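Visitor: The chain contents come next:
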Amino acid sequence: MCNTCGCNVTHGNAHLLAPGAKLYRTDDGHESVSVLRHLLHENDRTAAHNRAHFDRHGVLAVNLMSSPGAGKTALLEATIDAIGRELSIAVIEGDLETENDAERIRRRGVHAIQITTGSACHLDAHMVHDALHQLDLSQFDIVFIENVGNLVCPAGFDLGQHHNVVLLSATEGDDKPAKYPVMFRAADLVLLSKCDLLPVLGDFRPEQARLHLQELASTAPVFEVSARSGAGLGAWVDWLLAGTAGLEHRPGRTDAAAPEPQNPAP
Amino acid sequence: MHELAVCQALIDQVTGIASSRNAREVIEINVQIGPLSGVEPHLLQQAFSVASAGTLAEGAALNLTTMPVQVRCQQCHRVTTALPSRLVCGHCGDWRTRVVSGDDLLLTTVELSTAGIPSLTH
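Chains as they are written, first to last, in this note's numbering: chain A, 36 to 301; chain B, 6 to 127.
Source of the hints: derived by calculation from the structure; they are not laboratory data.
To give an idea of the interface, some chain B residues facing chain A are shown, with a C-beta separation under 7 Å as derived from the structure:
hint, residue
1, His-7
2, Ala-14
3, Leu-15
4, Leu-41
5, Gly-43
6, Pro-89
7, Ser-90
8, Arg-91
9, Trp-100
10, Thr-102
11, Leu-110
12, Leu-112
13, Val-115
14, Glu-116
15, Leu-117
16, Thr-119
Only a predicted model underlies this, so the values are computations on that prediction, with no experimental measurement involved. Think of the CB as a built atom: it goes at the ideal place given N, C-alpha and C, for glycine as much as any other residue.
All chains should be modelled from the sequences, with the hints used to inform the complete structure.
Guide: This is the structure:
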């Protein structure tokens, strides 16, 4: 067809060339394309793909986020001690450098994959996708993704998790939800960690943290926990068990109560 | 700091659109951005000059429209403006609200420089 003089424009296709339409071009050689797509469209596509993987295997995927040092790894260690016999757990660890956290998890006999992000301050769906290639999901009930310690960047990236869990430790300010609204809005559950230190510190008021969360229109439950003393871990474990029960498990799965020993390293 | 990653994703999208339409260059990129997206407009703007270098988007104008934070109250059903750190209803003060604007991070339109002839064969 002739593209030189425009004689291929007919009654049937002229609407495609109208201003704002799919094939609109101005006489000066400019074309305006309407996109209306999220900037992280590619990440979100991969996240949906990851989520489909988790769903297919009936695996609960939990993304743990917090500032550095809020106790994500300690919480995982305590969680493994509490339910590691009933449920088969795997951990994807995100850190800028070192395998230290993954080593701590492996010492508990749990499969851990380390993602070293280098300079990247967050995990994205592609990194988690690559990590999933090293995991046989049919062997697990829960996959924890321990995100890079950071209250800003990780909030923007869907990884394909079912739930976001955000830790706020008693050694931080109780106004953190107001300071980092994007992160705390993303939380499906908030854990006030290191609560065994509350009497010593004196200036972190859990009710104040709850109030700040409410002002973000958050409906996420808030549990006070201590990985060290074990306080509050029951509510956390129940929440996890309810999450796994909500997923349709792989037909014929019978080994959930007696998981195979995991290799200490991938 | 994640603005660079967000910006690279933006440029991938834009240059993908530009090359699929045989554009010579990208003239203008329009993005809607809200304070609750977690992306700082000025950092995204800075990242753009670095990340676009050597691509079809190099030299393009990146127009960022900041969207207001607005919530719809689930009790009184009014839409009011809110602060990112305080998303309560501006009318009745209830905390049970839904964000209707302000978490945007949307590529709306791209202006391309093309051959200048109406074409139906892409």
